[in-house]
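Line by line, the protein sequences give chains A and B. With full-length UniProt numbering, the residue at position 195 of the first sequence is 195, and numbering never jumps. With full-length UniProt numbering, the residue at position 75 of the second sequence is 75, and numbering never jumps.
Because the hints were derived from the structure by calculation, they are not lab data. This one's a predicted model, so the numbers in the text were calculated from it and none came from an experiment. Fair warning: there could be bad hints in the mix.
Heads up, simulated EDC-like pairs for lysine to aspartate or glutamate below, C-alpha to C-alpha not over 20 Å straight-line [stated by the list, open to error]:
1. 167(A) x 52(B)
2. 5(A) x 52(B)
3. 52(A) x 275(B)
Here are some, though not all, of the chain B residues that point toward chain A, as calculated from beta-carbon distances under 8 Å [unchecked claim]:
4. 16
5. 77
6. 182
7. 217
Every residue gets a Cβ at the ideal spot worked out from N, C-alpha and C, and that includes glycine.
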Amino acid sequence: MAIAKAERLMNLALCLLGTRRPLSKRELRESLEAYLEAGSDDSFNRMFERDKDDLRELGLVIETVESLDGEIGYLARRDSNRLPPITLDAEEAAALGLAAKVWQQARLAGAASGALQKLRAAGLPEDVDPYEPHSALEPRIPVHEAAFEPLMLACRDRRPVGFDYRKANAAQPEPRHVEPWALECWRGHWYLAGFDRDRGAERVFRLSRITGRVRSRGGRFTAPVPDVVTVRETVASWAGETADRSARIRLRSGAGYPLRAKATAVRELGDGWDELEIPYGHGLDAWLVEFGPDVVVLEPAELRADVVDRLRAVAKG
Amino acid sequence: MAGKPVRAVNAIDQTRRMLSLVTYLRERPGARIEDVARAFGITEDELVSDLDVLPMCGTSFRGGDLLDIDTDGERIWWHNPAALGADAAEPLRLAADEATALLVAARAVATLPGLRESDRQALLRATAKVETSAGEAAGASSRLSVTFESEGGVFADVDRAISERRRLWIRYYSPARDEVTEREIDPIRLVSVGHTYVEAWCRRSEARRTFRLDRVAEIRILDEPSAPPEVELRDLSEGLVQPAAEDPEVVVEVGPGGRWVAEYYPHDSAEELPDGGLRITLRTPEPASLRRLALRLGRDGRIVSPPELAASARHAAREALAAYDGIEPAGATAGPAGGPHDRQERGL
Numbered sequence: 001m002a003i004a005k006a007e008r009l010m011n012l013a014l015c016l017l018g019t020r021r022p023l024s025k026r027e028l029r030e031s032l033e034a035y036l037e038a039g040s041d042d043s044f045n046r047m048f049e050r051d052k053d054d055l056r057e058l059g060l061v062i063e064t065v066e067s068l069d070g071e072i073g074y075l076a077r078r079d080s081n082r083l084p085p086i087t088l089d090a091e092e093a094a095a096l097g098l099a100a101k102v103w104q105q106a107r108l109a110g111a112a113s114g115a116l117q118k119l120r121a122a123g124l125p126e127d128v129d130p131y132e133p134h135s136a137l138e139p140r141i142p143v144h145e146a147a148f149e150p151l152m153l154a155c156r157d158r159r160p161v162g163f164d165y166r167k168a169n170a171a172q173p174e175p176r177h178v179e180p181w182a183l184e185c186w187r188g189h190w191y192l193a194g195f196d197r198d199r200g201a202e203r204v205f206r207l208s209r210i211t212g213r214v215r216s217r218g219g220r221f222t223a224p225v226p227d228v229v230t231v232r233e234t235v236a237s238w239a240g241e242t243a244d245r246s247a248r249i250r251l252r253s254g255a256g257y258p259l260r261a262k263a264t265a266v267r268e269l270g271d272g273w274d275e276l277e278i279p280y281g282h283g284l285d286a287w288l289v290e291f292g293p294d295v296v297v298l299e300p301a302e303l304r305a306d307v308v309d310r311l312r313a314v315a316k317g
Numbered sequence: 001m002a003g004k005p006v007r008a009v010n011a012i013d014q015t016r017r018m019l020s021l022v023t024y025l026r027e028r029p030g031a032r033i034e035d036v037a038r039a040f041g042i043t044e045d046e047l048v049s050d051l052d053v054l055p056m057c058g059t060s061f062r063g064g065d066l067l068d069i070d071t072d073g074e075r076i077w078w079h080n081p082a083a084l085g086a087d088a089a090e091p092l093r094l095a096a097d098e099a100t101a102l103l104v105a106a107r108a109v110a111t112l113p114g115l116r117e118s119d120r121q122a123l124l125r126a127t128a129k130v131e132t133s134a135g136e137a138a139g140a141s142s143r144l145s146v147t148f149e150s151e152g153g154v155f156a157d158v159d160r161a162i163s164e165r166r167r168l169w170i171r172y173y174s175p176a177r178d179e180v181t182e183r184e185i186d187p188i189r190l191v192s193v194g195h196t197y198v199e200a201w202c203r204r205s206e207a208r209r210t211f212r213l214d215r216v217a218e219i220r221i222l223d224e225p226s227a228p229p230e231v232e233l234r235d236l237s238e239g240l241v242q243p244a245a246e247d248p249e250v251v252v253e254v255g256p257g258g259r260w261v262a263e264y265y266p267h268d269s270a271e272e273l274p275d276g277g278l279r280i281t282l283r284t285p286e287p288a289s290l291r292r293l294a295l296r297l298g299r300d301g302r303i304v305s306p307p308e309l310a311a312s313a314r315h316a317a318r319e320a321l322a323a324y325d326g327i328e329p330a331g332a333t334a335g336p337a338g339g340p341h342d343r344q345e346r347g348l
C-alpha cells in the first residue's frame, strides 16, 4: 500500500532527523506504529532494512553508529543532510522549471520534481509558474528502452552488467559483459558506452538492441574509466557522418534535396540533370539507392559497383 | 495539459515530497492549497492526499506530538510547528538521482540552439549554482547526457513566429515523395523528441502537420497573423508518428541485415522468421512512400504486399540500372555493402 508505506517512511525519516543521539533498532521499533504491527522479528528486520535503503535512495544520509556496549544505532545528522545555501533569482527558477519537466521516464521525472521541490522548500522564487509553458519550446527526453533504468543505476553505482545484445545485422543475440560508463541520448535513441570484457575494449551499444533483462554482476570495474566518454562520435561514424572521401554523382534536377544540402559542389548539366560532389562515408551506397533512377553514381568505381549491386538485388525482386 | 511532467505515484516520491512540504509549510502559515500545489508541481488532489498522511507523522520517538496540520479546503494550517523542531525542518540536500535528473536535463536544454539567449544564460547560472549546492551528489550526473538537435536559424524563426503569433512560409522537404514543396503554416508549438519539430496548422492541406526542422529548406516570417484553429494538443510521448487504423497495411520481410526496420518504423507486429529475419506489418497513409525503403533494403528484404508497391520498387531499380549499362558487374565486392550499423532514420 503506497499510503501506508509513505507514512512509515515519513515517520522513520522524521525520527532519524529529529534525534540528537543514535537510536537503536529496538527504540525505533517501539516508536513507529507500523513497526509495532510488523509481527515477527524477521518481518520487522526486512521492513526496516528496506525502509533505510529507500530513504537513502531519496538522499537521506543515515549514519550507523556502534555504541560502547556494541549496540548499533542510527541517525540522520542535520549537518550532513542540510542543503547548502543556494539563492536563485526568478529567471533562474523559471529556467530550472522548464528543465525539470523534460524527462519522460518515471524515475527521472520523479527525481527532477523532487529536486525542484527541495529547492522550493529552500526558497526558490515562485513568481513565474514553472509548469506553464515558458517558451514555445517543449523539449522532451524520450526513454522507451526497458534497459535504460537498470543501466542508469549501474552507471551511477559503477557496477558491471551482463545482457544479451543483438547486433544490427545478427539473427541471434549474444551475451555481453560490460563495465558501463555512460549513457547518451542522441537523435532520440539511447546508447551505452563501456568496457566490453569479452572483447577487452571500449564499445558502444544501442539500448534498443538489448534483448531481455540487464543483469547486475558482482565485483568492481577492471578497466579504468576514461575522463571523457564520447558516444556521439562513435554513433556518427556508424551513421556515415564521418566521411573521409568524396563522390561524384548525377542527380535529376529538382530531386534529392538532402543530397543537394550536403553537396560541396553542384554544377548544372542543362539536360535535366545536375552533377554533385558529395561526402562519401559509410552507408552512402544504401542512401543513394533510395533515390532510384534519379541518381547515377559517376565515381569512385567502388561506390558505383556497390550501388549497382544493390539495384540488381531489388530488380530481381 | 501537454506540459505536465510524468509522475509516478509511489511511496518514495511521496515521502520525498512530504519532507519538502513540511519545511515549506512551516514558513508559510495559512498557505493556500492552490499556491502550494502549483509551487510543488502537483495537483490539488495530490496535495490533499499528502495532507491526509502528515497528521499521522511526527518524531514520535521522543513522545513528541504528531504534526497537527489541517486544511479548510482552501488554506493549510499547522497548529504546532514546534513539534518538528527547527532542526528537523531544514531543506534537505539533493540526492544523487535528483541532482542527476535536474542537471542532465538543464544541460540538455541549454544546448538547444533556439533557446532565447537570456533563458540560456539564466539556465547556465542556475546549473552552476545547483552543481555547487549538490556537491558530491552532482558527480554521477556526468554519466548521463542528452543532445537535442535542432537547426538554429530555422528554430529561432519558428520560435519568434510563435511568440509574435505570425504565419510562416516554408519550403519543406518530404522524403516520402522526394520533393520540396512550398506552404504557409500557422505554428502551434516546438517539440524536441530526438529531432526538433514544429507542430502547425498547414494552410495548404488545412490540417495539423508536424514538420521536422532539419527538413525545412527555407523559411520566412510573414506579416499575416497566425490563426491556427483551436486544436487539442496531442500527447506526443508515444512518438510523433501514430498511424491510423484505417491506413493501408504493408508487409515487409527482412533478413537479419534488415532488422533495423523494426527499430525505425512504428509497426503493428514483427514476427521472427526461421532465418533470423522478421516479417513486419505496418500501416501508413501512403504506401508508395515506402518505395524508398524497398530500394534501400536491397538484398536485405523485400515488400510482400501490396504487390503494386513491390512492382514499383523493381521497376525503379531496373530503370536506374539502365543508366549503368556497360558497367562491369560488382563481382567480388558484392556483399552487404551497408555494413552492420547501416543507418536508417528516414522513417523519423
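Regarding the pair residue 5(A) and residue 52(B), is the alpha-carbon distance no greater than 20 Å? holds (14 Å)
Straight-line Cα separation of residue 167(A) and residue 52(B) no greater than 20 Å? Measuring from Cα to Cα gives roughly 51 Å; hence the hint is violated.
Within a Cα-Cα threshold of 20 Å, do residue 52(A) and residue 275(B) meet the stated pairing? Outside the cut-off at roughly 50 Å; violated.
Are residue 217(B) and chain A close enough, Cβ to Cβ, to be under 8 Å, as the hint says? holds (6 Å)
Should the interface hint for residue 182(B) be scored as holding, given a Cβ-Cβ cut-off of 8 Å against chain A? Cβ of residue 182(B) sits 13 Å from chain A, so the hint is violated.
Restraint outcome when residue 77(B) is required to lie within 8 Å of chain A by C-beta distance: Not OK, violated: residue 77(B) not within 8 Å of chain A, min 18 Å.
Should the hint that residue 16(B) touches chain A count as held when the rule is a Cβ pair under 8 Å? holds (4 Å)
Checked against the numbered hints above, the structure breaks hints 1, 3, 5 and 6 and satisfies the rest.
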